[in-house]
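2 protein chains.
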Amino acid sequence: MAGPEIERLIQLLARLPGLGPRSARRAVLHLLKKKDTLLVPLAATLREVGETVHACDTCGNLDSRNPCGICTDSRRDEALLCVVESVADLWALERAGVFRGRYHVLGGTLSALDGVGPDDLNVDGLIARMQSGKVREVIIATNATVEGQTTAHYITDRLASQNVQISRLAHGVPVGGELDYLDDGTLGAALKARRPL
Amino acid sequence: MAGPEIERLIQLLARLPGLGPRSARRAVLHLLKKKDTLLVPLAATLREVGETVHACDTCGNLDSRNPCGICTDSRRDEALLCVVESVADLWALERAGVFRGRYHVLGGTLSALDGVGPDDLNVDGLIARMQSGKVREVIIATNATVEGQTTAHYITDRLASQNVQISRLAHGVPVGGELDYLDDGTLGAALKARRPL
Ligand SMILES: [Zn+2]
Ligand SMILES: [Zn+2]
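The listed protein sequences derive, respectively, from chains A and B.
Counted the way the numbering used here counts, the first sequence spans residues 1 to 197.
Counted the way the numbering used here counts, the second sequence spans residues 1 to 197.
Do not take every clue at face value.
Calculated pairs, EDC-like style, for lysine to aspartate or glutamate (alpha carbon to alpha carbon, straight line, at most 16 Å) [unchecked claim]:
id	chain 1	residue 1	chain 2	residue 2
1	A	35	B	51
2	A	34	B	119
3	B	33	A	51
FYI, nobody ran anything at the bench for these hints, they're computed from the structure.
All figures in this text were calculated on a predicted structure; none of them were measured in a lab.
Just chain A, same shape as in the assembly (with noise of 0.2 Å):
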């Protein structure tokens, strides 16, 4: 139909979550059309993107710096640690403007259904980040989905041995509901109102 080349990047575009190959193709058009607007940035972007842009090794955010922007911020208080499921979540709260203190990102959450296990996220890196002794307390923001729920229990038991406080995200966060979907007030107002587990 198209040249090869356009058949090629519909296919790509259409991977994206959200589009499919109606909304791909209508993509690939408007792309053309604003060529030197929008195209042309979007392919340098995503190649700058790509070749910077890696996991914080401290932390797992996503950053051209390691340790990530976040990591290196002094401003941030470094004795309060978030710990999220992912980048989406660490956003989520950041946009919210709520958290000052700095983050984990687990990479997942315990899944047996998904065959996801403990090795499987970054809870390791979690404990030696203890060894600082700066960390006074954990807040635990998993999703409040089954398997969030279950990943903090478990959090909280590997935790057990270490001098600090843990808490969890108050209710507040609808049962179910995702970090992602929520407004700034309720995300605020559930991170006030944390308790100690």
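Assemble the complex: chain A is given as a structure, and chain B with the ligands must be docked to it using the hints.
Chain B with the ligands in isolation, oriented as in the chain A frame:
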């Protein structure tokens, strides 16, 4: 929040039709997760498409060749010319596989509201293509919208002095409907039952 490269990528992706800021963020995380199999090939393909794909000087189709693959395909009937509003509509007809002639892309429709006049559409190019004497029939396949029908009438008038038969896609295209949203069967039926103007 995230680094400036990531923020820029989110902003660019959010400008694609069908994606908003939230889905753009999810797309970026997905791209970074599938860096080697999706992000890198997408950046390269975007760049290649940006550098090689242009509008065909003959018909307005988008292709890396000029004249395009359709214009130079000797198996296609050069006596049949199908006039469409956009490359999206050309793609829709090609996907349906119901037309084996060639195309002419107008690049829009007449619209007093949007300030689109005859000079903004590639109508002169269409008239010029009649000079070869090889085109026997022009099938006007503009959308069944008010603008599409106004444009069809205008083109019919412009072609009146040419020695060609003019036809229009049969009703079968739902009134108010756009070609790009139709199933192949409807498109094929509408083409077969096209009526002379
Ligand atoms: Zn970090
Ligand atoms: Zn062409």
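Evaluated hints:
no.: 1; hint: A/35 / B/51; result: holds, 9 Å
no.: 2; hint: A/34 / B/119; result: violated, 21 Å
no.: 3; hint: B/33 / A/51; result: holds, 13 Å
Consistency note: the structure conflicts with earlier hint 2 alone.
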